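Position chains B and C with the ligands relative to chain A; hints supplied.
So you can see what is in the structure, the chains are spelled out below.
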Amino acid sequence: MTVQPKINLSPPVSDEVRKTTCYMCACRCGIDVHLKSGPDGKDRVSYIEGNRDHPINKGVLCAKGASGIMQVTAPSRLRAPLRRVGPRGSGAFEEISWDEALQTAVDWMKPLRETAPEKLAFFTGRDQSQSFTGWWAQAYGTPNYAAHGGFCSVNMAAAGIYTIGGAFWEFGQPDWERTKLFVLFGVAEDHDSNPIKIGLGKLKERGCRVIGVNPIRTGYNAVADDWIGITPGTDGLLILSLIHCLLVAGKIDLDYLAKFTNAPLLVVDTGPDKGMIAKNAESQPFVIDRRTGMPAPWDGRGVQPDLGAVYGGNRTVFQHMAERYLSPDYAPEAVADRCGIAAVRIHALAAELAQVAFDQAIVLDQPWTDFRGDTHENMPGRPVSFHAMRGISAHSNGFQTARALHLLQIILGTVEVPGGYRLKPPYPKPMEAHPTPHFVTAPGKPLSGPHLGYVRGPENLALHEDGTAVRIDKAFTWENPFSAHGMMHMVIPNAHAGNPYRIDTLFLYMANMAWNSSMNSAAVMDMLTDTGPDGEYVIPRIIYSDAYASEMVAYADLILPDTTYLERHDCISLLDRPISEPGAAGDSIRWPVVEPDRPGHAGVRPFQSVLLDLGVRLGLAPMVNPDGSPKFKDYADYIVNHIRRPGVGPLMGFRGADGNQEGRGDANPNQLAAYVENGGFYQAHVPDNAAFYKPWNAAYQDWAVKTSFFETPQPYLFSIWSEPMRKFQAAAEGVGFVQPPDHLREQLKVAMDPLPTWYPPFGDAAAAEFPLHAITQRPMDMYHSWGSQNAWLRQIRGKNYLYVPTKVWRANGFEPGDYARVTSPSGEITVPVAHMAALNENTVWTWNAIGKRKGAWALDNCATEATEGFLLNHLISELLPDRGDGRRISNSDPVTGQAAWFDLRVKIERVGPQGHAEPSFAPLPRVVPKGDKR
Amino acid sequence: MTTLPATTVKKLGLVIDLDTCVGCQACVTACKGWNDQGYGALLSDQDPYGANPSGTFLNRVHSYAVQPPEGAAQIINFPRSCLHCEDAPCVTVCPTGASYKRAEDGIVLVNEDACMGCGLCAWACPYGAREMDADAGVMKKCTLCVDRIYNDNLPEADREPACVRGCPTGARHFGDFADPGSAVSTLSAARGGYALMPDLGTRPTNRYLPPRKKDMRQDASLLAPLLDIQATGFAGWLDRLLGKI
Amino acid sequence: MHPAPSVIVFSVLSGMGFGLLAYLGVGLVHLSGWLAFMWWGLGYGLAIIGLLAATLHLANPKNALKAFSQWRSSWLSREAIAAVATLVVLAPVALSDWLTLGWPRQIGLLGAALAVFTVFTTSMIYTQIKAVPRWNHWSNPVMFLAFCLTGGAVLALQPFAGYALAGLAPLLWWVWHIGDQQFGLRAQTLGTATGLDRIGDVTVFEQAHTAGNYLLREMIFVVARKHVVRLRLIAVGLASVGPALLLVLLPHHPVVFGAAALCHLVGALAARWLFFAQAEHVVGLYYGKRQGFDVG
Ligand SMILES: Nc1nc2c(c(=O)[nH]1)N[C@H]1C(S)=C(S)[C@@H](COP(=O)(O)OP(=O)(O)OC[C@H]3O[C@@H](n4cnc5c(=O)[nH]c(N)nc54)[C@H](O)[C@@H]3O)O[C@H]1N2
Ligand SMILES: Nc1nc2c(c(=O)[nH]1)N[C@H]1C(S)=C(S)[C@@H](COP(=O)(O)OP(=O)(O)OC[C@H]3O[C@@H](n4cnc5c(=O)[nH]c(N)nc54)[C@H](O)[C@@H]3O)O[C@H]1N2
Ligand code: SF4
Ligand code: SF4
Ligand code: SF4
Ligand code: SF4
Ligand code: SF4
Ligand SMILES: [Mo]
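Protein chains in written order, with our numbering: chain A, 1 to 934; chain B, 1 to 245; chain C, 1 to 296.
Excised from the complex, chain A in its bound form (with noise of 0.2 Å):
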């Protein structure tokens, strides 16, 4: 018997394939999603892949995306609106239609709108239509919204503005076909998922080397070839005293800084504007021109800026910032104890940097023109390349760190040009080019602009005469003047302290806040069903807008069911965070592939719809027309019509009658039908004499205004020296009439240094009695708590351990198999642990969103994730401790607001083996049936 099976090696894949984008995460890869016709005629989803085509993943998955087929047909999806009907966070609720729940929200928003816009408060989470809900809310008139930056990583997304027009995140990358030596501070996942994997990939085929500064050693750092497992909150003091080697060695840029930064602006010396940039009568920043050594325009053509400049007694921005690095305190000896790194290694990893920049430099060959009219030949690049994400932004001194990261880019002249790290359009954009935070309101008005903007000085705080906050999450005050995200995080602690205020409705979208995405999420699960004296809700309403059965389901009081990412339109837009490389500005949109089908209940709705239906029976302005019929039918209605500037939609591509024009052009009625056509997205490419050095590249300027996200050119120079920060210092130490509160100025005068410093971390004050750090790590294979619902991602990692450095382990005698009780300042939780050797040996740390609460995603009351998996959350206080002056600030980046989740500081105990991690909840009751089969 020899013969082989006949088998069929071509078998059809499926009967249809339809591209869209991914939402399991944030990265927005695109999707070739498979249909087959099921016996019922109904098409169903047969296999998920990556579009080939597209930008952002050129074709692969990450392990979500590949299972994004258990996504769609979880058993946790909702079925219908929900209506509370049992004591809140009991989970009793009644099904009801649509029309009810859509009366019951206009009940409860209408008379809070035409009396207190502001009792009304409005917060996303996983939002991806950001533009779209600011949009909203501004139309409501309420200024409480905000999106989950401020608990995310703001931190990275303002120091980046604030320094260099533009940010890590996923708003820049490395050039990674050029880059020779990359070095990633603090990441782990981050939302470039793909991209940065892609990325990795490309700089091993080549060899090139790779360097993680991260305490702890999985996925990118353990294929890094040197790992440097700092100790937490320390990075700021590692990468000044860097910046000190390269000042002591004069292995700077200085013909960089001398054209692109503002190095060679003169500081005012003395006198009530001390500390400013020196203008000149047309109040415009000057430099001194080394040709004539008088002031000459920042701007002016030919100009040779001098660095060394001293002018009237001012001297330059470069001078102050040299002065402050060469100080021995930054010398590697002097911060080696404390970031947990051998002096020789510090000394080490500045001379590579060196090497590689200045010994390494490549050159293109690409002719350009800069802003000042100056032309040049080629392009010249300094091959070094950083990442750097919630490692350093999470952390309460996150805001300088990331401005020192970014210093240090600049002096290296690594930022924007070939080799280095490239921005993405629309970035680079510089702060000016941002609006200021908008919260005027007025019953029955719209808010007077957007809620969220960048901060140029103390008169743009939404602060009350009386210097109370306007806003409930008290963002843009005193406390976190540059929290442009907001601080979705304080919401519920505040609006149940009734600090500022007291609300009324309280508006979610995407956001399991009763559960892994706040702090201290026990006491905010008693903040939700938290009772006045008259036996009202301290919260009085919550309306929450879920796809799934998560925890937060159970704490609303009316359920907006939402569609999952194959079953709607979506917009990733220009106006939003868009799916761009550098080379080219790039948008993207999802599409129903599937019809929402939940047979037998009153069916789900695309949120954004509903919001839009909302506007409509509340009368905003924006969506009805005077004859108060709906201006857009749906959002896919929106997306297309909608215009934001004349010319300008949520969508760049296809646009104008004939959908030939690009970034301008009216509305085109085929545009979504365009974009399904072209897989899903749209590309603007950048020409290749504006690829590089983009904020100065006249080219790029010009492109830029053409495609839109400018109205005229806005070249600027970077900001190493930031003058909106000296204005803070300046207040705290009394200039100005806008005073701070007392108790903030010592806090003000340190956090708003114009120049990137290092302070320990609040968390830090608790390091005598709590010695170890604890932090979180995405795992690749989960979205925060979205992924335990899928049937084969929760077999891959459905429980979580403590992980604990080999010194602790020994220290409490721990055995395979063991629990602990590990004890924050503000909390105590009771967990497995597992040894860890490649990590900081003062550090402890778990994967984020692990842990489930009973009940919750149609898992089993005795899943892992509910039994032995948990939360380090519940350790995390929001507020800081009272520092004797009877007040408590919030557990945040003072600069930005940044929730610092990684200040955390602990001990740790051997319980020895247990079956179930502490705390542990009641199961929440049902709001969709245990899943069985798959």
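In case anyone wonders, no lab produced these hints; they're calculated from the structure. The model shown is predicted, which means the values in this text are computed figures rather than measured ones. Positions of the beta carbon are idealized from the N, C-alpha and C atoms, including for glycine. Watch out, some of these pointers could steer you wrong.
Stated by the list, open to error - Which residues of chain A face chain C? A partial, calculated answer using Cβ under 7 Å:
{"#": "1", "residue": "Ile796"}
{"#": "2", "residue": "Lys799"}
{"#": "3", "residue": "Thr830"}
{"#": "4", "residue": "Gly884"}
{"#": "5", "residue": "Arg888"}
As the list claims (entries may be wrong) - Cross-link-like lysine-lysine pairs, in silico, BS3-like; alpha carbons within 25 Å at most:
{"#": "6", "chain 1": "A", "residue 1": "Lys445", "chain 2": "A", "residue 2": "Lys110"}
{"#": "7", "chain 1": "A", "residue 1": "Lys6", "chain 2": "C", "residue 2": "Lys289"}
{"#": "8", "chain 1": "A", "residue 1": "Lys110", "chain 2": "A", "residue 2": "Lys631"}
{"#": "9", "chain 1": "A", "residue 1": "Lys807", "chain 2": "B", "residue 2": "Lys10"}
{"#": "10", "chain 1": "A", "residue 1": "Lys799", "chain 2": "C", "residue 2": "Lys289"}
{"#": "11", "chain 1": "B", "residue 1": "Lys214", "chain 2": "A", "residue 2": "Lys202"}
{"#": "12", "chain 1": "C", "residue 1": "Lys130", "chain 2": "A", "residue 2": "Lys6"}
{"#": "13", "chain 1": "A", "residue 1": "Lys799", "chain 2": "A", "residue 2": "Lys633"}
{"#": "14", "chain 1": "A", "residue 1": "Lys110", "chain 2": "A", "residue 2": "Lys633"}
{"#": "15", "chain 1": "B", "residue 1": "Lys214", "chain 2": "A", "residue 2": "Lys6"}
{"#": "16", "chain 1": "A", "residue 1": "Lys907", "chain 2": "A", "residue 2": "Lys807"}
{"#": "17", "chain 1": "C", "residue 1": "Lys66", "chain 2": "C", "residue 2": "Lys226"}
{"#": "18", "chain 1": "A", "residue 1": "Lys631", "chain 2": "A", "residue 2": "Lys799"}
{"#": "19", "chain 1": "A", "residue 1": "Lys42", "chain 2": "A", "residue 2": "Lys933"}
{"#": "20", "chain 1": "A", "residue 1": "Lys933", "chain 2": "A", "residue 2": "Lys854"}
{"#": "21", "chain 1": "A", "residue 1": "Lys202", "chain 2": "B", "residue 2": "Lys213"}
What follows is chains B and C with the ligands alone, placed relative to chain A:
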């Protein structure tokens, strides 16, 4: 047919680059997704939302800690699937003839129509590359995506295994080891690709590329100071520095 | 390896059954009439129950018949064929004994040889597996055949059965002792299994999956060391020492043989449970589950 072909025309297999694999598990679910609707019975999951879920996967990614004689501990991610051995014990033990190695390309497959689910082949495989499907009662294993690599219904570019196509870092490579000039052969040769447990005599086709040396202190000569700042002071430093321009 | 009851029962019963058939075939017990019917019936019964039990272990029995096809390479296939061949070849002998037809018995010798060969093939199914070092040793067939012949001898009421049984004890200790060393001798570790020993000491950081799977259930069976010691004593006591004493000390009455057989059977089942439970598959290395018993 259970006896092994004397030789195979091609030797198709995978190169897995342990220096590049970040352990993202993408290849695990890419494989699950394709084979859940591809060759033979689907890959069932028992108790998928319960306390003890257990499903069939053809590719698993482990994560190991490695402590070198000196220097920091390392974490190395390690994908594990069928190695399509040339002397495949899983094939010769099979009593029904369901397990076989294709003469044309060396792919080791299970003919599910003939499999009686005795599990002996899984016992015989040293690498844990076979998992019996609890619903279908037949043995499942990596097919090297035999239903993709020759599939006329797929665009040329997609005629490669789902795990290779899906791997975000490009740590997985597919090709013919019989051809010394093929990309996989040259890559494996260049980077010292090795086979798993060669002394068991299975002669695996797949190769693993060892991680590159890590944590080598850079011998880049430490930076020399411009001059003695203590002596000259800041002004001296500045003059020397700017004098250079 | 997971000690699946079906396989344990199968191999023990069929082993004893074919053992008895061998003695009957050779004619060391030569009965006739209903006695012959009972004894041959016992032999056939055990063998067949055993084979049926084996099919319980199949996840997809409807293809079981295909198992006869691969005798060229597969010991399992050979076993199936040998077993059936034995039963067929011995049938006329059994018939002639039962109905006292007085047919020539030479063919019985062939049948006996086949019976022993069948048990040998069974042992080879395990012995051939390199991935389970404990099994992959010539002592393994010796052990299977020893069980077959002693068990058979008891059932065949052989006077020397007691001494044969007594011989099992040292044999078992020796087999276990050899077995305990095999994994170590193959020098396979997590380091060699992954090839990462070229870098340093390898340990598991995270399991590939927190959920269960077929490999963990089927190939990675963890049994406590003290358990093993206790069971080894029980196995030796019941399979060997106990029945041996019975047969040596008590008069050779069929009832005594019966008691000895039952005692031996239980001991044999225990020994066979250990045979699986102690056996470690190299795949366990990938899961960091190597335990090793140096208790022999
Ligand atoms: N300890 C610790 N806590 C953390 C962090 C940490 O690092 N450590 N990270 C913080 C950060 S950065 C963030 S961003 C937050 C993230 O935390 P969250 O913003 O809460 O994110 P998720 O839990 O993923 O999802 C929020 C909700 O969105 C729902 N959802 C999913 N898809 C849809 C949909 O299509 N429509 C609707 N309407 N809802 C949907 C999910 O069911 C879930 O209930 O966690 C924060 N919490
Ligand atoms: N697969 C997957 N992808 C995701 C998400 C997800 O849940 N799953 N969430 C998305 C969201 S909302 C966000 S905000 C991004 C966040 O993406 P990341 O920034 O990668 O967020 P984390 O996983 O919290 O990783 C923080 C990293 O910083 C390290 N770290 C902690 N403290 C320090 C420190 O002081 N110094 C240094 N150098 N490192 C430190 C931690 O060890 C960890 O590796 O990921 C996005 N992408
Ligand atoms: S990274 Fe993964 S989950 Fe996120 S969008 Fe891309 S494929 Fe989907
Ligand atoms: S997909 Fe690639 S990088 Fe991810 S685990 Fe698999 S082999 Fe490793
Ligand atoms: S890896 Fe295992 S299953 Fe694959 S061919 Fe080799 S022995 Fe057979
Ligand atoms: S399980 Fe199937 S393929 Fe494996 S040996 Fe048994 S019959 Fe052959
Ligand atoms: S080759 Fe195909 S079957 Fe094999 S592991 Fe990769 S995806 Fe799975
Ligand atoms: Mo985030």
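Each hint, compared with the structure:
{"no.": "1", "hint": "Ile796", "verdict": "holds (5 Å)"}
{"no.": "2", "hint": "Lys799", "verdict": "holds (5 Å)"}
{"no.": "3", "hint": "Thr830", "verdict": "violated (19 Å)"}
{"no.": "4", "hint": "Gly884", "verdict": "violated (44 Å)"}
{"no.": "5", "hint": "Arg888", "verdict": "violated (38 Å)"}
{"no.": "6", "hint": "A:Lys445 / A:Lys110", "verdict": "holds (12 Å)"}
{"no.": "7", "hint": "A:Lys6 / C:Lys289", "verdict": "violated (40 Å)"}
{"no.": "8", "hint": "A:Lys110 / A:Lys631", "verdict": "holds (19 Å)"}
{"no.": "9", "hint": "A:Lys807 / B:Lys10", "verdict": "violated (52 Å)"}
{"no.": "10", "hint": "A:Lys799 / C:Lys289", "verdict": "holds (19 Å)"}
{"no.": "11", "hint": "B:Lys214 / A:Lys202", "verdict": "holds (18 Å)"}
{"no.": "12", "hint": "C:Lys130 / A:Lys6", "verdict": "violated (31 Å)"}
{"no.": "13", "hint": "A:Lys799 / A:Lys633", "verdict": "violated (44 Å)"}
{"no.": "14", "hint": "A:Lys110 / A:Lys633", "verdict": "holds (21 Å)"}
{"no.": "15", "hint": "B:Lys214 / A:Lys6", "verdict": "violated (48 Å)"}
{"no.": "16", "hint": "A:Lys907 / A:Lys807", "verdict": "holds (14 Å)"}
{"no.": "17", "hint": "C:Lys66 / C:Lys226", "verdict": "violated (42 Å)"}
{"no.": "18", "hint": "A:Lys631 / A:Lys799", "verdict": "violated (48 Å)"}
{"no.": "19", "hint": "A:Lys42 / A:Lys933", "verdict": "holds (20 Å)"}
{"no.": "20", "hint": "A:Lys933 / A:Lys854", "verdict": "holds (19 Å)"}
{"no.": "21", "hint": "A:Lys202 / B:Lys213", "verdict": "holds (18 Å)"}
Violation of the numbered hints given earlier is confined to hints 3, 4, 5, 7, 9, 12, 13, 15, 17 and 18; the remaining hints are satisfied by the structure.
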